[in-house]
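**Q** These protein sequence lines are chains Z and B, in that order. When you line the first sequence up against our numbering, it's residues 1 to 280, in that order. When you line the second sequence up against our numbering, it's residues 1 to 152, in that order.
Keep in mind the hints are simulated off the structure, nothing from the lab. The hints are all genuine.
Capping the alpha-carbon separation at 25 Å, the derived lysine to aspartate or glutamate pairs in DMTMM-like fashion look like this: (1) B:87 - B:98; (2) Z:240 - B:5; (3) B:87 - B:101; (4) Z:240 - Z:255; (5) Z:29 - B:98; (6) B:87 - Z:276.
From chain B, some residues computed to sit far from chain Z (all C-beta separations above 10 Å): (7) 102; (8) 103; (9) 133.
Glycine is no exception: its CB is placed at the ideal position from the N, C-alpha and C atoms.
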Amino acid sequence: MMDWLQAHPMTVVGLVLWAVGVLWLMPGKQAGSTRPKIPGLLFTAAGLFAFCLSCGKPQTQLADEVMFWVFAVSALLCGVLMITAKNPVYAALWFALATLATCGLFLLQSAPFLAAATIIVYAGAVIVTFLFVIMLAQQSGAAGYDQKSGQSVMATISAFVLLGAVAMTLQQEKLEIGVPVVVAKAKGAGTSAAANSENMISMVPAPADSLSPSSEAKAPAKPGNLLSAADPDHAVGDLKGLGRSLFSDYLFAVELAGTLLLVASIGAIALAPRREQGAL
Amino acid sequence: MTPEDLRFLLVGAGLFILGAIGFLTRRNLILMVLSAELMMHGVSMTLVTFGRIHQTQEGQIFTIFTLTVAACEAGLALALVLSLYRKSHSLDINLWSELREPDMPAPVQDAPARIDDGSGSYGDTPKLTPAGIAPKDPPRTKSSAGASSART
Numbered sequence: 001m002m003d004w005l006q007a008h009p010m011t012v013v014g015l016v017l018w019a020v021g022v023l024w025l026m027p028g029k030q031a032g033s034t035r036p037k038i039p040g041l042l043f044t045a046a047g048l049f050a051f052c053l054s055c056g057k058p059q060t061q062l063a064d065e066v067m068f069w070v071f072a073v074s075a076l077l078c079g080v081l082m083i084t085a086k087n088p089v090y091a092a093l094w095f096a097l098a099t100l101a102t103c104g105l106f107l108l109q110s111a112p113f114l115a116a117a118t119i120i121v122y123a124g125a126v127i128v129t130f131l132f133v134i135m136l137a138q139q140s141g142a143a144g145y146d147q148k149s150g151q152s153v154m155a156t157i158s159a160f161v162l163l164g165a166v167a168m169t170l171q172q173e174k175l176e177i178g179v180p181v182v183v184a185k186a187k188g189a190g191t192s193a194a195a196n197s198e199n200m201i202s203m204v205p206a207p208a209d210s211l212s213p214s215s216e217a218k219a220p221a222k223p224g225n226l227l228s229a230a231d232p233d234h235a236v237g238d239l240k241g242l243g244r245s246l247f248s249d250y251l252f253a254v255e256l257a258g259t260l261l262l263v264a265s266i267g268a269i270a271l272a273p274r275r276e277q278g279a280l
Numbered sequence: 001m002t003p004e005d006l007r008f009l010l011v012g013a014g015l016f017i018l019g020a021i022g023f024l025t026r027r028n029l030i031l032m033v034l035s036a037e038l039m040m041h042g043v044s045m046t047l048v049t050f051g052r053i054h055q056t057q058e059g060q061i062f063t064i065f066t067l068t069v070a071a072c073e074a075g076l077a078l079a080l081v082l083s084l085y086r087k088s089h090s091l092d093i094n095l096w097s098e099l100r101e102p103d104m105p106a107p108v109q110d111a112p113a114r115i116d117d118g119s120g121s122y123g124d125t126p127k128l129t130p131a132g133i134a135p136k137d138p139p140r141t142k143s144s145a146g147a148s149s150a151r152t
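This is chain Z alone, in the form it adopts within the complex (with noise of 0.2 Å):
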């Protein structure tokens, strides 16, 4: 902890200027009272960015930097506005501009049919739907529970050291989650059953050593692994591999998801109000 403390001074730093900020922002327990936004949002900034240049230097292009470095302020300053915003309006647009901020980190991280989705279910629909549901239920004038906020300190200081300790853990230098799953191309009947395995826990930590054999015993030379590795020939998050192992190694959860959306539809127009129980 205290290793921790020195090595990365400027993480502490950062997350304390963000959580006063985040502080600063919030609206206060009196429904009148207001601060100016100023100081609150330069606390954020400042925080921000300490919290972002703590991550660390890698050798990446200038060109990638630079984005991630506008999306992950920008995701993070809307998250803090949205949260902040007394009126929901603002809020759900806020909440639209985190989203479009993730979705560019998302293309960052080679993922851009997910950025993609997120950008029509989220920013198409959700964000929409919000809208409405908001402009239908909206009173007139600002409401008295939108200008106040319960155990904002309480909720603040927690979930800040929450980040912290996250943010402890991912930094420990003997932290090694995730090596690269060796590819198990099947070669035909030749691959043995010890680097089949060998392949299949190379993601997990020693104990799965104990464990390996009984399983090997049961599903002898499957071909394959557990998780469907890239194609050596696919980059991960290529369109092509990613619609491939959707549609042959997860087609049961798709089908599944698929009944959840409907099942979902049906229970939203049976909760919904009716119009013969009157106007809303």
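We have chain Z; now place chain B onto it with these hints.
**A** Using the frame of chain Z, we list chain B on its own:
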């Protein structure tokens, strides 16, 4: 795990805790649902980063499924919000803090359901505002005068 993956993970964690703060502090039903969606973004970011760390498609596939579930959740949550709004004509979550089964005892309240904001009025109840020209010599209408004289 490269430093690049590390910072994506940290951004995901940041989005998640921002959503958590919003969920805990805001008292508007719709904003609470939106905060939950922000937490979902953080989770998606983390899943995609894990997928990239392990060089597998699973991260993105799981994210697609969470996206499906998030869409279902948003639809159902909004239907619930609308039916709650029909009953209370307010989006205040505190009005529903005593929601329970009819045979259950009342929950222990650590805060009053409606917070008195000090102005003597309760939150969102309508206030009467004086309107029109103030009369110069207001009291004693004829009927009340007649009633009082009749009583004496």
